[in-house]
Amino acid sequence: MSDEIAARLTEMGITLPEAAAPAANYVPYVISGNLLYISGQLPLEGGKVTVSGHLGKTVDVATGQRGAELCAINILAQAKAALGGNLGRIQRVIKLNGFVASAPDFVEQHLVINGASNLIAGVLGEAGKHARAAVGMAALPLNAAVEIDAIMEIAE
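Here full-length UniProt numbering is used: position 44 in the sequence shown is 44, and no number is missing along the way.
Hints listed in this document are in silico derivations from the structure and should not be mistaken for laboratory results.
Just to be clear, a hint being listed does not mean it is correct.
[Said to hold, decoys possible] Distance condition first, Cα-Cα at most 30 Å in a straight line; then the derived DSSO-like pairs of lysine-lysine:
hint, residue 1, residue 2
1, K57, K95
2, K57, K80
3, K95, K48
[Claimed, not checked] Okay, the calculated beta carbon distance ranges per label pair:
hint, residue 1, residue 2, range
4, A62, G33, 22 to 30 Å
5, A6, L35, 33 to 41 Å
6, K48, L111, 20 to 28 Å
7, D105, A6, 25 to 33 Å
8, P22, G84, 33 to 41 Å
9, D105, G85, 21 to 29 Å
10, E4, L142, 28 to 36 Å
11, T50, G85, 36 to 44 Å
Even glycine gets a Cβ: it sits at the ideal position worked out from N, Cα and C.
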């Protein structure tokens, strides 16, 4: 990991966890050429979903944003595992796809996913600025309130 990224994580009070193992029949990441695809990450802490339910029903925006931050932390943990511990190999986060378990009338998915976007950009700087989607869903695995996947350009 680059010293700059490590310093930003420390300043933000973030310790990356061990990358979570897949919960079903898929791999946590795939490297194809210079692209790193990270499977959807849930708001896990200590191996458990910590932000569950539906935005606009049982979860408020601030709590949803914290869930999105946890997803981003888990994305970075997967990237670290994929890249042999060297997050400095990330040249650009190309896209985040954010999925928000939402009540039918909830329309602030974009605000929820800002939690992840802000964290990724804060940790990775210019390389962390990305395109993204923020989509409302009827339900997510394990009753998670948020799930986010990522596509990154990496150096060899």
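Now for the hints, and whether the structure bears them out:
no., hint, result
1, K57 <-> K95, "holds (28 Å)"
2, K57 <-> K80, "violated (35 Å)"
3, K95 <-> K48, "holds (26 Å)"
4, A62 <-> G33: 22 to 30 Å, "violated (39 Å)"
5, A6 <-> L35: 33 to 41 Å, "violated (24 Å)"
6, K48 <-> L111: 20 to 28 Å, "holds (25 Å)"
7, D105 <-> A6: 25 to 33 Å, "violated (42 Å)"
8, P22 <-> G84: 33 to 41 Å, "violated (19 Å)"
9, D105 <-> G85: 21 to 29 Å, "violated (44 Å)"
10, E4 <-> L142: 28 to 36 Å, "holds (34 Å)"
11, T50 <-> G85: 36 to 44 Å, "violated (25 Å)"
When the structure is compared with the earlier hints, violations turn up for hints 2, 4, 5, 7, 8, 9, 11 and for no others.
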